Amino acid sequence: MTVKLSDAVFDPWQEIADHQQAAGIAGKYGATAVFVGTMRDFNQGDSVCGMYLEHYPGMTERQLQQIVEQAASQWQMLDTLLVHRVGQVEPNDTLVLVAVWSEHRGDAFDASRFIMENLKSRAPFWKRETLANGKQRWVETNSSGYKRQS
Amino acid sequence: MTVKLSDAVFDPWQEIADHQQAAGIAGKYGATAVFVGTMRDFNQGDSVCGMYLEHYPGMTERQLQQIVEQAASQWQMLDTLLVHRVGQVEPNDTLVLVAVWSEHRGDAFDASRFIMENLKSRAPFWKRETLANGKQRWVETNSSGYKRQS
Amino acid sequence: MSIKVLYFASLKDQVGRAGDELVVPAPLSVLELWQQANPDLPVPNALLAAINMNYASLDSLVSDGDEVAFFPPVTGG
Amino acid sequence: MSIKVLYFASLKDQVGRAGDELVVPAPLSVLELWQQANPDLPVPNALLAAINMNYASLDSLVSDGDEVAFFPPVTGG
Numbered sequence: 001m002t003v004k005l006s007d008a009v010f011d012p013w014q015e016i017a018d019h020q021q022a023a024g025i026a027g028k029y030g031a032t033a034v035f036v037g038t039m040r041d042f043n044q045g046d047s048v049c050g051m052y053l054e055h056y057p058g059m060t061e062r063q064l065q066q067i068v069e070q071a072a073s074q075w076q077m078l079d080t081l082l083v084h085r086v087g088q089v090e091p092n093d094t095l096v097l098v099a100v101w102s103e104h105r106g107d108a109f110d111a112s113r114f115i116m117e118n119l120k121s122r123a124p125f126w127k128r129e130t131l132a133n134g135k136q137r138w139v140e141t142n143s144s145g146y147k148r149q150s
Numbered sequence: 001m002t003v004k005l006s007d008a009v010f011d012p013w014q015e016i017a018d019h020q021q022a023a024g025i026a027g028k029y030g031a032t033a034v035f036v037g038t039m040r041d042f043n044q045g046d047s048v049c050g051m052y053l054e055h056y057p058g059m060t061e062r063q064l065q066q067i068v069e070q071a072a073s074q075w076q077m078l079d080t081l082l083v084h085r086v087g088q089v090e091p092n093d094t095l096v097l098v099a100v101w102s103e104h105r106g107d108a109f110d111a112s113r114f115i116m117e118n119l120k121s122r123a124p125f126w127k128r129e130t131l132a133n134g135k136q137r138w139v140e141t142n143s144s145g146y147k148r149q150s
Numbered sequence: 001m002s003i004k005v006l007y008f009a010s011l012k013d014q015v016g017r018a019g020d021e022l023v024v025p026a027p028l029s030v031l032e033l034w035q036q037a038n039p040d041l042p043v044p045n046a047l048l049a050a051i052n053m054n055y056a057s058l059d060s061l062v063s064d065g066d067e068v069a070f071f072p073p074v075t076g077g
Numbered sequence: 001m002s003i004k005v006l007y008f009a010s011l012k013d014q015v016g017r018a019g020d021e022l023v024v025p026a027p028l029s030v031l032e033l034w035q036q037a038n039p040d041l042p043v044p045n046a047l048l049a050a051i052n053m054n055y056a057s058l059d060s061l062v063s064d065g066d067e068v069a070f071f072p073p074v075t076g077g
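Residue numbers (the UniProt record's numbering), protein chains in the order written: chain R, 1 to 150; chain E, 1 to 150; chain Y, 1 to 77; chain S, 1 to 77.
Everything labelled a hint here was simulated from the structure, so no lab data went into it.
Please read these numbers as outputs of a predicted model, since none were measured by experiment.
Treat the hints with care, as some may be off.
[Unchecked claim] Only pairs whose alpha carbons sit at most 30 Å apart, straight line, appear in this in silico DSBU-like list of lysine-lysine:
{"hint": "1", "chain 1": "R", "residue 1": "Lys147", "chain 2": "E", "residue 2": "Lys147"}
{"hint": "2", "chain 1": "E", "residue 1": "Lys4", "chain 2": "E", "residue 2": "Lys28"}
{"hint": "3", "chain 1": "R", "residue 1": "Lys28", "chain 2": "E", "residue 2": "Lys147"}
{"hint": "4", "chain 1": "R", "residue 1": "Lys147", "chain 2": "R", "residue 2": "Lys4"}
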């Protein structure tokens, strides 16, 4: 189980491939469920050309760790990888990566979604967007991933 | 939207990276949900050392296509990649890959799981396992991914 | 009418062949087609069928030139 | 007692500083700590707080040496 913050651009697919290679669970896992969050160039009707991801060093890592442990207490997981970007990011940069390896798909699907929803509602990160016109604004709230977007 | 069968080993993370690179949706997607099914070396209490994946050429592709189209009619998807292995496979080989790119995570999560569950219940594939003792057996039925494994 | 029949997976092993080319009288259901093609075999439990690569119920009628496939529950993914 | 206070994101912009080192009398709740540190500011809507990096309600009591953080709803992922 790995939880880490990254202050530089990372390739989520390479991170997963490397982690899986090193995990020592070949032949044991039948299911891998992955979520990758990526910065869009558009939000709430405006073009966005950059974003700053603030976090609370210490508490952020602790919350992420707790969320993954809580998932592990509810679902069978052979391994987990969680990477979250911090600092200044650009459109198309990966913001977050969650990967869960399980024997069976139900566990992997449920656990990865649980981790993402809890991360969105509990992990101390805050986004400040820079719009195309140069203005900056704080994103005020995350929507629920279980409800349909309008 | 890409649906394909592969009769050779493939690296799911490389497939996703290549597909994403070529998709022309950079900056548009905020959410990518992925499921990868991998052959385990153990099933129903027995060591498994190989497997043959039979399919119904023509009908299999058609069913997969219909499943993805059905998902696209229910959720917002910017792109989808579905790859399924056929023929002789070994433990740790990737059996299936489903990736969905959406603006928002609810759509990507829901659509990828819908595609996997429908693939499991409707797409004409059949697994014949070769056990460690040399015996062969057909896998008789797929379990539901929404129920907990005992 | 002329019907092409295909068998897959464990069903192919049970009937001992991959398919049949049959000439049968109309009207004929998918179930009756199975029985004509395999008069000495019981109808398998959980028998699935497709007509021209689309799922079909066992009481669907077959037409001249159809490709009818019989197979057990699917186990992909 | 001595309390370290931290502010994050839009709250840091609003109070105009990243933190305070306060000496305050016990007993004191998180909400009272906010009011002592920011006597001229109303209590923000949807104010979140943590004591020693764990979420805490606004009526939790703070202890000597605690690190108390105030922040708006989180928006990661």
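- Message: What's the verdict on Lys147 (chain R) and Lys147 (chain E), does the C-alpha distance respect the 30 Å limit or exceed it?
- Response: This hinted pair holds, its Cα atoms lying about 22 Å apart.
- Sort out whether Lys28 (chain E) lies within 30 Å of Lys4 (chain E), counting only the CA atoms. Holds, because 24 Å separates the two Cα atoms, which is no more than 30 Å.
- Task: With a cut-off of 30 Å on the C-alpha distance, tell me whether Lys147 (chain R) and Lys4 (chain R) pass.
- Result: holds (28 Å)
- Query: Within a Cα-Cα threshold of 30 Å, do Lys28 (chain R) and Lys147 (chain E) meet the stated pairing?
  - Reply: holds (20 Å)
Checked against the numbered hints given earlier, this structure breaks none of them.
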